[in-house]
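Trainee: In UniProt numbering, the protein residues as written are 1 to 225.
Hint data in this document are derived by calculation from the structure and do not stem from the laboratory.
Using N, Cα and C, we set each Cβ at its ideal position, and we do this for glycine too.
Check the hints yourself; a few may be wrong.
Unchecked claim - Quick list of in silico lysine-lysine cross-link-like pairs, DSS-like style, CA-CA up to 30 Å: (1) 204 - 4; (2) 92 - 19; (3) 99 - 88; (4) 26 - 97; (5) 161 - 119; (6) 160 - 19; (7) 150 - 223; (8) 99 - 26; (9) 92 - 26; (10) 119 - 223; (11) 19 - 204; (12) 87 - 119; (13) 150 - 97; (14) 204 - 87; (15) 204 - 92; (16) 150 - 4; (17) 19 - 215; (18) 160 - 4.
As the list claims (entries may be wrong) - Between beta-carbon pairs, the in silico distance windows are: (19) 25 - 158: 43 to 51 Å; (20) 174 - 17: 34 to 42 Å; (21) 143 - 96: 38 to 46 Å; (22) 47 - 208: 16 to 24 Å; (23) 25 - 91: 46 to 54 Å; (24) 141 - 202: 17 to 25 Å; (25) 190 - 81: 41 to 49 Å; (26) 183 - 47: 19 to 27 Å; (27) 117 - 208: 19 to 27 Å; (28) 24 - 89: 21 to 29 Å; (29) 87 - 181: 40 to 48 Å; (30) 2 - 87: 43 to 51 Å; (31) 117 - 24: 17 to 25 Å; (32) 185 - 96: 43 to 51 Å.
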Amino acid sequence: MTHKTHPYSNRLTIIRGWKSRWFSNKNYSEQAQQDFLIREFIFGNFINAGVADIEIERFANSLSVIIFTSRPGIIIGRAGIGADQLKKDLYKLLNKKVKFTANEQRKNYSLPEIRVEVKEIRDADTNARLVALNVAEQLERRIPFRRVIKRALDRVMANKKVEGVKISVAGRLNGSDMARIEFVKEGNLPLQTLRADVDYAYVKAVTKYGVIGIKVWIYKGEKLE
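Please construct the entire structure, taking both the sequences and the accompanying hints into account.
Mentor: Rendered as structure tokens:
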């Protein structure tokens, strides 16, 4: 019997790296909560910024948040005002939301210096999350799902870096009474080859008739190094 595995976690340490890079002995639970809250806040508050990924690095007295986005101007703001405001919001969030066990004390809790770094993604059509977000946005505007996923497939396959793609949508499509799964696929998609560079994303579209789940796989060749 086979089991489904996430394409990213299945390739960790082979062709993928960790998205949180730090070590901790005493404060592991606090720092793990901080990572979760930071990602939840940024993904939730910058929906229109095209945030594809967030990586977190920790040093002795600082925390670096690296945001990969297709629209960096929305996050940075004019003269960096947006990035400064994001730092303030993260400080408030982490001071208020982090929970402690019975053996831990808040008086010993201190926040590191937060640094925000924004990196632009130029090839949005090769990033699975950005493609899924684009599909979700159109489905929420009630555009017929077949037209949406076919256009997205053609746009992704037009990029020379892409060798294969699959887009799946599941739910009450076009407002039908019964939920179902539909997908389009083109090219190669070797999910069981660990050196295959497969980008995967899952996004939800909230429509009038319920939630539609969108899954995108993009294959960009093999990584041999």
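Trainee: All hints, please: hold or fail.
Mentor: Verification of the supplied hints:
Between the alpha carbons of residue 204 and residue 4 the distance comes to roughly 19 Å, so the proposed pair stays at or under 30 Å and holds. Annotation: proposed proximity of residue 92 to residue 19 holds, straight-line Cα distance about 23 Å (limit 30 Å). About 19 Å separates the Cα atoms of residue 99 and residue 88, which keeps this hinted pair within 30 Å; it holds. For the given pair, residue 26 sits about 19 Å from residue 97 by alpha-carbon distance, which is consistent with the 30 Å threshold.
For the given pair, residue 161 sits about 20 Å from residue 119 by alpha-carbon distance, which is consistent with the 30 Å threshold. Between residue 160 and residue 19, the direct Cα distance comes to roughly 27 Å. Compliance with the 30 Å bound is thereby established for this hinted pair. The hinted pair formed by residue 150 and residue 223 meets the criterion: a straight-line CA distance of about 28 Å does not exceed 30 Å. Between residue 99 and residue 26 the CA atoms are separated by roughly 15 Å; this keeps the pair inside 30 Å, and the hint holds.
As the CA atoms of residue 92 and residue 26 are separated by approximately 23 Å, the hinted pair is consistent with the 30 Å bound. Between the alpha carbons of residue 119 and residue 223 the distance comes to roughly 23 Å, so the proposed pair stays at or under 30 Å and holds. Proposed proximity of residue 19 and residue 204 is supported: the alpha carbons are some 22 Å apart, at most 30 Å. Of the pairs offered as hints, the one joining residue 87 and residue 119 holds, with about 16 Å between alpha carbons and a cut-off of 30 Å not exceeded.
In summary, the hint linking residue 150 to residue 97 is not supported, as the alpha carbons are separated by about 42 Å, beyond the 30 Å threshold. At roughly 27 Å between alpha-carbon atoms, residue 204 and residue 87 fall within 30 Å of each other, so this suggested pair holds. Restraint check for residue 204 and residue 92: satisfied, since their Cα atoms lie roughly 28 Å apart, inside the 30 Å limit. A hinted pair counts as satisfied when its Cα atoms are at most 30 Å apart, and residue 150 with residue 4 qualifies at roughly 25 Å.
Straight-line distance between C-alpha atoms of residue 19 and residue 215 comes to about 20 Å, which keeps the hinted pair within the 30 Å bound. For the proposed pair residue 160 and residue 4, the alpha carbon gap of about 29 Å is at most 30 Å, so the pair holds. In this structure the hint that residue 25 and residue 158 lie 43 to 51 Å apart at CB holds, the actual value being about 49 Å. Separated by about 40 Å at the C-beta atoms, residue 174 and residue 17 satisfy the suggested range of 34 to 42 Å.
For residue 143 and residue 96, the hinted distance range of 38 to 46 Å is satisfied, since their beta carbons lie about 39 Å from each other. At about 18 Å, the CB distance of residue 47 to residue 208 agrees with the hint of 16 to 24 Å. The hinted range of 46 to 54 Å is not satisfied by residue 25 and residue 91, whose Cβ atoms lie roughly 24 Å apart. Against the hinted window of 17 to 25 Å, the Cβ-Cβ separation of residue 141 and residue 202 comes to about 20 Å, which satisfies the hint.
Range check, residue 190 to residue 81: Cβ separation about 45 Å, and the 41 to 49 Å hint holds. Range check, residue 183 to residue 47: about 24 Å between beta-carbon atoms, so the 19 to 27 Å window is met. Between residue 117 and residue 208 the CB atoms are about 38 Å apart, so this pair departs from the stated range of 19 to 27 Å. Hint check: residue 24 to residue 89, Cβ distance near 24 Å, so the stated range 21 to 29 Å holds.
At about 42 Å, the beta-carbon gap between residue 87 and residue 181 stays in the expected band of 40 to 48 Å. In this structure, residue 2 and residue 87 meet the distance hint of 43 to 51 Å, their C-beta atoms being roughly 45 Å apart. Hint check: residue 117 to residue 24, Cβ distance near 21 Å, so the stated range 17 to 25 Å holds. Checked against the hint of 43 to 51 Å, the C-beta distance between residue 185 and residue 96 comes to roughly 45 Å, which is consistent with it.
Of the numbered hints listed earlier, those contradicted by the structure are 13, 23, 27.
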